[in-house]
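Let the hints inform the model, and build the full structure from the sequences given.
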Amino acid sequence: MAYVFPPADPATVAVDGSDDRLPVRRIFCVGRNYAAHAREMGKDPDRDPPFFFTKPADAVVDTGEVVAYPPQTENFHYEAELVAVIGKGGKNIAEEDSLSHVWGYAVGNDLTRRDLQLKAREQGRPWDWGKAFDRSAVIGPVFPVSKVGHPDKGSIKLTMNGEVKQDADLNELIWSVPEIISILSHSIALQPGDLIMTGTPAGVGAMNEGDTCVVEIEGLGKIETPIGKREA
1 MAYVFPPADP ATVAVDGSDD RLPVRRIFCV GRNYAAHARE MGKDPDRDPP
51 FFFTKPADAV VDTGEVVAYP PQTENFHYEA ELVAVIGKGG KNIAEEDSLS
101 HVWGYAVGND LTRRDLQLKA REQGRPWDWG KAFDRSAVIG PVFPVSKVGH
151 PDKGSIKLTM NGEVKQDADL NELIWSVPEI ISILSHSIAL QPGDLIMTGT
201 PAGVGAMNEG DTCVVEIEGL GKIETPIGKR EA
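Counted from 1, the sequence shown has number 200 at position 200 by the UniProt record's numbering; the numbering is strictly sequential.
One or more hints might be untrue.
[What the hints assert, rightly or not] Calculated lysine to aspartate or glutamate pairs in the EDC-like style (CA-CA distance at most 20 Å, straight line): (1) Lys229 <-> Asp62; (2) Lys222 <-> Asp169; (3) Lys119 <-> Glu74; (4) Lys153 <-> Glu216; (5) Lys222 <-> Glu179; (6) Lys222 <-> Asp167; (7) Lys229 <-> Glu216; (8) Lys229 <-> Glu65; (9) Lys157 <-> Asp115; (10) Lys153 <-> Asp169; (11) Lys88 <-> Glu179; (12) Lys153 <-> Glu218; (13) Lys222 <-> Asp115; (14) Lys153 <-> Glu179; (15) Lys157 <-> Asp167; (16) Lys222 <-> Glu95; (17) Lys157 <-> Asp134; (18) Lys222 <-> Asp19; (19) Lys165 <-> Glu224; (20) Lys153 <-> Asp167; (21) Lys165 <-> Glu218; (22) Lys222 <-> Asp152; (23) Lys147 <-> Asp128; (24) Lys147 <-> Glu218; (25) Lys91 <-> Glu179; (26) Lys229 <-> Glu209; (27) Lys153 <-> Glu95; (28) Lys165 <-> Glu216; (29) Lys229 <-> Asp211; (30) Lys147 <-> Glu65; (31) Lys157 <-> Glu216; (32) Lys222 <-> Glu74; (33) Lys165 <-> Asp211; (34) Lys229 <-> Asp115; (35) Lys157 <-> Glu95.
[Claimed, not checked] So the derived label-pair ranges between C-beta atoms look like this: (36) Ser146 <-> Gly89: 11 to 21 Å; (37) Gly89 <-> Arg21: 34 to 44 Å; (38) Pro71 <-> Tyr3: 28 to 38 Å; (39) Glu209 <-> Asn92: 44 to 54 Å; (40) Arg21 <-> Glu74: 31 to 41 Å.
For the record, the hints were derived by calculation from the structure and aren't laboratory data.
Virtual Cβ for every residue (Gly too), placed ideally from N, Cα, C.
Take a look at the structure:
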């Protein structure tokens, strides 16, 4: 068999303490998974069933890489997140078995064209243009479970130009990682290389050209994203 044109290189993310790269299959994101963030987005933080959206695998960006201010937006936002990385596939996974499917964890930044997202929400349309654009998923090195266990508490913090913008604890997640994995797996079969961005705390806000955004999670280090000039 021959391809009609060369296939794209696989999307990958770094692995802590290794030259190996982890292949990315899909990126799932949990919406409004911290109560205070749900409130700031104008929604009731009651424990309704979680909802999900996706980003393309090739949206991943390593820490330290410059992300150009994206086109078609005037309200470009940061969102600090814990990322769970699936290492063993499965479907209809029981909550008590969920963590056995996790290979590791990373720090993430769910970059968002907020004006496009909110317009789509108001019109009852999908969020793709606000969430699933190029270079919209900054993912730090993945720490294997053997090194860090399964973080369920600890500081998650974001600073922009040195000023704290988001400051919360992982134990404030409305839906825990085991719950998220189980619920997601009852709709879609999970496979190795699936990344799950678990939601962001309150304090989301805009970035501009020349800003530097740093996300840090206790036990998982930090990631840094300089924002470059606007794309033509």
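Original post:
When the hints from earlier in the document are held up against this structure, which numbers fail?
Top reply: 5, 7, 9, 13, 16, 17, 23, 30, 32, 35 and 37
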